[in-house]
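Residue numbers (numbering that gives the first Met the number 0), protein chains in the order written: chain V, 0 to 226; chain F, 0 to 895; chain C, 0 to 210.
These are calculated hints, taken from the structure and not from any lab test.
Keep in mind it's a predicted model, so treat the numbers as computed, not measured.
Please note that a few of the clues may not be correct.
[As the list claims (entries may be wrong)] No farther apart than 20 Å at their CA atoms in a straight line, the calculated lysine to aspartate or glutamate pairs in the EDC-like style are these:
hint, chain 1, residue 1, chain 2, residue 2
1, V, K54, F, E9
2, V, K109, F, E593
3, F, K6, V, E222
4, V, K169, V, D179
5, F, K269, F, D688
6, F, K756, C, D48
7, F, K611, V, E5
8, F, K458, F, D688
9, F, K800, C, E202
10, V, K94, F, D688
11, F, K8, V, D179
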Amino acid sequence: MKTYDESVAVALAGRTTTYKLLHALIGNEPTVSTVCIFLNQEVYEVLDLYSNASKEYAIALNDLLEAIRARKEQVEEFVDQLSIDYSRLFVGPRKNEVEPWESIYRSNEKTLFQATTLEVRKAYVAQDLIPSGYPNVADDHIGIELDFMAKLAERAYEANMHGDKDNLLKALKASMDFLDKHLLEWMPRFAESFKKAKHGEFYGKAANLISLFIAIDRDLLGEITQA
Amino acid sequence: MAELLKKIKESSINRRSFVAAAAVAGASASIALAGCSRPAENTVTETTESSPTSMKLEGGEWMSYNCHTHSCAYRCHNRAYVVDGVILRHGTGDVHPDSVEYPQLRPCIKGMMGRKIVTGVERLKYPIKRKNWSPGGGAGVNPQLRGKDEWERISWDEAIDMIASEYTRIRDTYGNKAFLALGQAEGRLGGGLLGSAILNAIGGCLTTWGQASQGGFPVVANHMRGSYSAGAADSQDRIALSHAKLIVMFGINPAWTASGGNMFNFLNAKKANGAKVIFIDPYFSTTQQVLGDDWIPCRPGTDGAFLEAVAYELITNNLQNQEFLDKYCLGFDAEHMPPDAKTNENFKDYILGEYDGTPKTPEYASAICGMHPDKIREFAQEIGTNAGPIAWKSSGAPARTNYGNRYAQLFFTVGWMLGCVGKLGSEISAGSSSPNSHLGTPGGANMVAFGGAKYAYPKNPICTETRAESKIANKMFDPNLEYGITFTETFKAIVDGEYSFPSPNGQIKRSCDIRCIVRDNQHNPTSQQTGGYWAEAAFRKETVEFVVVNEKYLTDDARHADIVLPIQSTLEMEVCCGAPATAEFALFGRRVIEPYFESKTDAEIFFLLCDKLGISEEVAPKMTVKQAEFNKVLGATILQADGTRAPLVTVTQKDLDEYGVEGEPVEGIIDFADFVAQGGYQVQRKDGDHFMNIFDKKFIDDPAANPVKTTSGKYEIYSQALKDYYDLCCFNDIDALPKYKAAPDGYEQAKTEADFKWQLITMHIIRHAHSCVANIKELDEIFTNDLLMNVSDAEKNGFKKGDWVLASTREGGKIARRVNPIPHLMPGVVILGQGNWRDIDQETGVDVGANANSVCVTRLLGDGYQDYNMNLLKIEKYSGPQLDVEVRRQPFTAGI
Amino acid sequence: MAQLGFYHNTNECVGCKACIIACKDKNDLPLGEKFRKVYDYAKCDWDVDANGVSVPSNYYSYSVSMACNHCASPACMAVCPVEAIMKRDDGIVYINGDLCIGCSSCITACPFDAPYLSTNSNKSKKCDFCMDYIDEGGVPQCVAACSTRCLSCGDIDELRSKHKGVETLPPIPEDVSTSPSVLFTPSRLHPNCEADGVLTSTEEEITSATI
């Protein structure tokens, strides 16, 4: 595996940014700035890096961005609406229209803090990371998992910039592992469940994009580590 | 170069992308923080030295915990196998080998579903506020949206701020009587509080009062017998009960109502002496399929007539225990009348028909109760000739009827005619604890008991009795006191602006103007109190400006609130001592899981509000939950053979230091380390031990030296004081003599009805503990809680198994439920398990959740007791929008 | 060779279903799926006269708890096309989930409704006598949880010599050609085991399908 290869560097930078953006998009309640950043041209260019690799991804990206662009004149109203959507989908107190925790999709038990949650926690701890809300929050929230990927991506990017092969490989391996054992296991069903959700229109597009992106990212990581 | 990388390179137009990417990578880190009212969550952080180090992640441990159901009449040894705060498995209480004397306290289906409840995904995680409610009253309230509004998450600071400012504003604008505190005893802040500790601290509030479990028993028992303990003192524990040769059970079904290992004890008690067990019940319950030797079906609310006929048979065959009656009772016959009697009517002559021309023959009773006259004769022969010892037991259920007070009188009287008191194996016991095989205990105090938590909080200056009804029940009515609003009337009173003061027929009314409803302790009044038909209207009343509820789930109460605060379960408390309804077991529970998201304990919330409202520590001294629970351990005692109590647990200064709590070291019989390791202390029983309970033995051994606390010092079959007390302050009527009387909405009315002809009883179904645990689908799938109906009745009325019916009362309450026709239920009677959460279809007004109290009418009775077991229903095919059973239904919390 | 089996004393069963829940907890079974089922069976004739006097007669009710009977000649094992079903030396019959192809032959063949198709995994599943606990010297979770101790297990021949009982009783199917390793003591209320009652359980209560 070479370092300093520009295409790899771009890829590592790109995926860092992409994970951070996706985390901002779905990890927390929407704000004007987290929504508006998607109108940013540079952000578009980063996200568009993958459009060439997958037609579905290109469509999904366009879908999402169009939804935001269409409301850019009434952004505050749009964000208010999205807040309601977010609350009804992921926060409660009413039964969430879509549960944002992995354990729900891995076992059919409608509980948090299951055995798979521990597996996720182990994965974090192995990288010297823990959820900022530990021990009160369920570790496998989509936002936390995406932030974990973002942090690992950043480490990989940094390691590559410094020619640190060991840490680069460590971060990339941990990332592939986590995708294989966790995110890829539940993202497709997570994305699918927005179809039945009353308030799922916008965030369904986000989930769809995430689901497609992580599949691409997994392939990308495979390529990089084999090179 | 590999495919994807190639494509990415092609995508990146020029170096500008690379730079942009790098720049954005940095910038986006701060995106999430901007513009948000709370710091970004759902992130990971680097572990540091200060990170929690107690993460084990490999290998777990079994931990005992205090069961999460607060509304259960029993208490088992619940355990969980836990790895770093994740429950992987529940235990079956196998902490020691199992035996009859020293049984494993195996949890029931509810206990074993613990993790579904405490880590259920729908559990409330954050404080929430109704979107269309804002503090300050007026246009910001929108009460009409309660129960169907949107919600938004708020911070604890915001919540405490709003609550404190609303309490202050409402008090200053409307006075303290504008507050209504719902809910029942707060076991963790200090049992017995009926109301709200924080409202007490700012000047008080109206509270609710009455009887829930005990029906018409308390006032009657206190007057006739001189004591009432809900069965805690007058029942026999399982070892004493094993000496009985005949056990008579009125409305008792422990297999459902106090599940867990309770039935094992009853079964063993029966086997020990080959006791015969007879049940009086409209339903051949699962308890009977194991314990029953005979079944006497009796219509709801008519057990009193049955008892009259039994008395008739005993008298006409001279089978009553005359010696006992002569020595210990007054009012049975003309020769033994109490000195204060205002009439000269005696029971024997009443039964023989001397006063009203109606001898209370089996034929007379049969026409009312439904069983064959010969069955009554057979029963009377049995109890009259059986040498005994006889255990004569009643749950609160038959007394939770309109004239449950009269039933209570007759229950005691016929028991005394058998004389089964004061000897090992004998008992006359009544109340909600009579079906608990660990109770009674000598003196009514548990064999092992915890001490108090020692929280201190102000008394309520407005409703001056902390548990109003117990004062009224205990013959201590004082017309100068304020008692608050009865349970049955609670919601109606909010709507009408008027409530009844203890008085015959509730004729004394007081006005009320409830501006704020508070439920900051455990209980679900909306699901559990009769008169539930009025609940929604009450919450939506225009003048109710603020509703706050502490809860774990979006229950019926919480759904109608303006602010809901998420509270912790017993599994999240650092220490949680079990309420020993199993009087033989003091459970020491540990923290099994970390506090769920942002939930807090009721005590913590109380102290936060104290801070905000400026309540000083002199008034409400602060104490951690850990310290409070530890105080319970320090004060734990065990009953000695001589009747005194000795400390249970040995706690050294080292133990106190290790736990970081204050207190005095104490010498007990078990080391603290063992106490923790074993999950508590369970008494090892054996036949003949000093825990065996013989109630009123002293009175029986020497009545002159040990009078009971009645007017005369004897058991009063004729009780003038009872009649006078009722005439003074009780809501319905009674006679000094025990007399059955036809009740409104009783069988006598049902049989004349074309429509409202079905008698409803609302049983404690095994799948819930009242309305706790009523949202667990895994339990819904094994007990579907259909409306049970007699097979022939179903056929005659055109209902098949699986049909959905609409059941309604004259008051207007309506429920929809699926029907299950079964053979072993009396014709004319239907059974609905109570505890489902009310869920009113906003279009039709039908409660599709089928909460039992939607069809239990508002009815003022006695000392505020409630009629859960004798309502009349009209039942017809349900033709509304299609429904499904709970297990397949969207969860209740999916909202309207 | 020893054959392990269950003994259920229906005379002492209150139908509390602790056995079902304990099993679900131990096996992490999703909603609807049950390895063990409890069947409530009852009868009661009523003679109601013109005055409404209602006399019950010929009445009984009892509950039967049954999971897999670990038959001596298991029909499931006989029809499995991929040999996914095995019988141990101690008589326990279990399904190897890795080999199961979800053809449902065993489900059709079993007279006792023991195996079912899990729609989550598309494989057949059933009670395995908690063989992992057995191997550690323990007992199945259902037995450990039973509130009245009416459910127990052991060598089926020993159980049969110790307790009086039958291999099947209503509402369990009558077919015992697979030699189920199970023993039931009938209720004292219905010792002749005639099939003259009704199943009072509702459909959901006795299904083993994923919901």
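Hint check results:
Taking the CA atoms of V:K54 and F:E9, the gap is near 15 Å; set against the 20 Å cutoff, the hint holds. Our distance criterion of 20 Å between C-alpha atoms is met by V:K109 and F:E593, whose separation comes to about 18 Å. Using a Cα cut-off of 20 Å, the hinted pair F:K6 and V:E222 holds, with the two alpha carbons roughly 12 Å apart. In summary, the hint linking V:K169 to V:D179 is supported, as the alpha carbons are separated by about 15 Å, within the 20 Å threshold.
Pair hint F:K269 plus F:D688 holds up; C-alpha atoms about 18 Å apart against a cutoff of 20 Å. Between F:K756 and C:D48 the alpha-carbon distance is near 18 Å, which keeps this suggested pair within the 20 Å criterion. As the CA atoms of F:K611 and V:E5 are separated by approximately 59 Å, the hinted pair breaks the 20 Å bound. Annotation: proposed proximity of F:K458 to F:D688 is violated, straight-line Cα distance about 41 Å (limit 20 Å).
In summary, the hint linking F:K800 to C:E202 is supported, as the alpha carbons are separated by about 10 Å, within the 20 Å threshold. With a C-alpha separation of about 52 Å, the suggested pairing of V:K94 with F:D688 is violated against the 20 Å cut-off. Restraint check for F:K8 and V:D179: not satisfied, since their Cα atoms lie roughly 25 Å apart, outside the 20 Å limit.
Violated hints, in rising order: 7, 8, 10, 11; the structure is consistent with all others.
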